[in-house]
Amino acid sequence: ISAIDKGQWEAAASIGMTPWQTLRRAILPQAARVALPPLSNSFISLVKDTSLAATIQVPELFRQAQLITSRTLEVFTMYLAASFFFLMMRRLL
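To convert, note that position 80 of the sequence shown is 80 in full-length UniProt numbering; the numbers rise steadily by one, no gaps.
Everything labelled a hint here was simulated from the structure, so no lab data went into it. Beta carbons: idealized from backbone N, C-alpha and C, even for Gly. Check the hints yourself; a few may be wrong.
To be verified - Here are the simulated distance ranges between beta carbons:
| # | residue 1 | residue 2 | range |
| --- | --- | --- | --- |
| 1 | Gln66 | Met88 | 56 to 66 Å |
| 2 | Asp5 | Ala81 | 21 to 31 Å |
| 3 | Ser51 | Lys6 | 36 to 46 Å |
| 4 | Ala53 | Ile15 | 27 to 37 Å |
| 5 | Glu10 | Leu92 | 56 to 66 Å |
| 6 | Gln8 | Pro37 | 33 to 43 Å |
| 7 | Gln64 | Ser42 | 29 to 39 Å |
| 8 | Met17 | Ser83 | 49 to 59 Å |
| 9 | Ile56 | Thr18 | 49 to 59 Å |
| 10 | Ile1 | Ser40 | 14 to 24 Å |
Take these sequences, add in the hints, and give me the full structure.
This is the structure:
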């Protein structure tokens, strides 16, 4: 919103718009045009980073579950715990 020229606020006020109307009809549409490209770049980066983290995390997580399973023979419990941990990590990312 700060990227929009102050003259836009003044022009809207000069034609009788309230501050809420000015924001809704004049400022936010212009601010969206300015903000959309950086936001889409951030979203693309987030998707790529999350995919990379999942690619690294899943094999490592289930490898550890497999190692614990070989000692305790509690297959279902270990894989259930690993799956739960994975879902919690995905929620955070």
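Results of checking the hints against the structure:
1. Gln66 to Met88: 56 to 66 Å: With a Cβ separation near 19 Å, Gln66 and Met88 fall outside 56 to 66 Å, so the hint is violated.
2. Asp5 to Ala81: 21 to 31 Å: Check failed, 56 Å falls outside 21 to 31 Å.
3. Ser51 to Lys6: 36 to 46 Å: Holds, since Ser51 and Lys6 (Cβ atoms, about 42 Å apart) stay within the stated range.
4. Ala53 to Ile15: 27 to 37 Å: Given a distance of about 50 Å, which is not inside 27 to 37 Å, the answer is violated.
5. Glu10 to Leu92: 56 to 66 Å: With Cβ atoms ~45 Å apart, the hint is violated.
6. Gln8 to Pro37: 33 to 43 Å: Violated - the Cβ-Cβ distance for Gln8 and Pro37, about 20 Å, lies outside 33 to 43 Å.
7. Gln64 to Ser42: 29 to 39 Å: holds (32 Å)
8. Met17 to Ser83: 49 to 59 Å: Holds, since Met17 and Ser83 (Cβ atoms, about 54 Å apart) stay within the stated range.
9. Ile56 to Thr18: 49 to 59 Å: holds (52 Å)
10. Ile1 to Ser40: 14 to 24 Å: holds (18 Å)
Checked against the numbered hints given earlier, the structure breaks hints 1, 2, 4, 5 and 6 and satisfies all the rest.
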